[in-house]
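Participant: Kindly generate the complete structure, drawing on both the sequences and the hints.
Those protein sequences? They're chains Z and X, same order as listed. In terms of the working numbering, the first sequence is numbered consecutively and its last residue is 227. In terms of the working numbering, the second sequence is numbered consecutively and its last residue is 194.
These are calculated hints, taken from the structure and not from any lab test. Values in this document were obtained by computation on a predicted structure and should not be read as measured data. There may be inaccurate statements among the hints.
The list that follows gives simulated cross-link-like pairs (lysine to any residue, SDA-like), each with its CA atoms no further than 20 Å apart [stated by the list, open to error]:
(1) X:K108 to Z:E160
(2) X:K108 to Z:R164
(3) X:K190 to Z:F176
(4) Z:K221 to X:K108
(5) Z:K221 to X:F187
(6) Z:K221 to X:L179
(7) Z:K221 to X:V183
(8) X:K190 to Z:E160
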Amino acid sequence: MPGSYLPSSYLPVLIFLVISLVFGLGALVMGGMFRLRRPYAEKLRPYESGVTPVGEPRQRFSVRFYVIAMLFVVFDVEVIFLYPWAVVFDRIGLFAFIEMVIFIFILLVGYVYAWRKEAFVWE
Amino acid sequence: MVEWFFGYLAGAVILLAILVVASRNPVHSVLWMLLMFLHVAGLYLLLNAEFLAATQVIVYAGAILVLFLFVVMLLNLREEIKIRRFTGGWLFKGLTALGIIYVLRRGLEGFRVGFEGPWSIEAVGRATHTRALGQVLFTEYILPFEIASLLLLVAIVGAVFLSKKRLR
Chain Z
105 MPGSYLPSSY LPVLIFLVIS LVFGLGALVM GGMFRLRRPY AEKLRPYESG VTPVGEPRQR
165 FSVRFYVIAM LFVVFDVEVI FLYPWAVVFD RIGLFAFIEM VIFIFILLVG YVYAWRKEAF
225 VWE
Chain X
27 MVEWFFGYLA GAVILLAILV VASRNPVHSV LWMLLMFLHV AGLYLLLNAE FLAATQVIVY
87 AGAILVLFLF VVMLLNLREE IKIRRFTGGW LFKGLTALGI IYVLRRGLEG FRVGFEGPWS
147 IEAVGRATHT RALGQVLFTE YILPFEIASL LLLVAIVGAV FLSKKRLR
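Facilitator: If you want it as C-alpha cells, here you go:
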C-alpha cells in the first residue's frame, strides 16, 4: 500500500503553506481589483524619504560581501552536520566524538587561515 | 495520493528550473531558484527524509541562495540584461543535453522501486530519520564525512584567495 508512506504528520505544514499562499495572493488580487488607480510621475517615483532619487538603484557590491556569504555557507554546513551527530551521540559515543573532533579541526584550520589572511577585516 | 504530490512537485521543479535559466533578470532567476529549492525540499519530505528536507531549506534556500544573490550583485546588471542569449550552437548544446540524459539513464539502470536493506521506511520511521541518518553517516560513511570537511576547507581557502588583491 504505497499511500501509507505519505508523511502525514506534515499535513499541518501543508495546510499552513496553502493558507499563507492564498492569503498573500488573495490580498494582492483583491487590492488590485478594488483600489483606485490614479498614477502620476511623483507618485510612481521610488520613495527616498522625500529626497529626489539620484543615480542608479543597481550598484555593484564589494566582493567582501561574497567572502562573508561564502564563509557563512561553509560554517552553516559544518553546523548542519552537528545535528545528526548530536542525535546519535548516545549510541556511538567516543568514536563519534573523535570523528567530530577531526572534522571540526580540519575546518578550524580553514578558520585560522581566513583569520590570518584578514578575511574578517573590512578594508 | 503520493503520485499526485510527486507529480506536482516534480513538474514544478522542472518548470521552475526552466524559469531560472530563461529569466532575463538575474535577480528573478535567483528568486525562481528559491522557489525551486523549496519544492525540492518537498520532494525530500515525500521520501520521508525529513532531515534532508530541513537541510535543503536551511542550507540551500537559506545560505547558498544568499551566496547566489551576492554573486548577482557583483555583476553589472545593466549590461548583463542587454546581452543576447540563446544564440546559436544548438547542435552542440543538443548533443550535450542528450549525453547528460544518456548518462543519467545508464546510472538509473540498476535502480528498482521498492524498499530493501536494513533501513526500510518503517525502520527509519521507528528510529526517526535524523537518528537513522546519523547512525549510517557516522559509522558506515565516516570517510566521505571527513572528506566533506576537506571540501569545505577548499571552499574557505578559495573564497579568501579570490577576494584578496594581495595576500600577506
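Participant: Hint by hint, where does the structure go against what was stated? Just the numbers, ascending.
Facilitator: Per hint list: 4, 8 violated.
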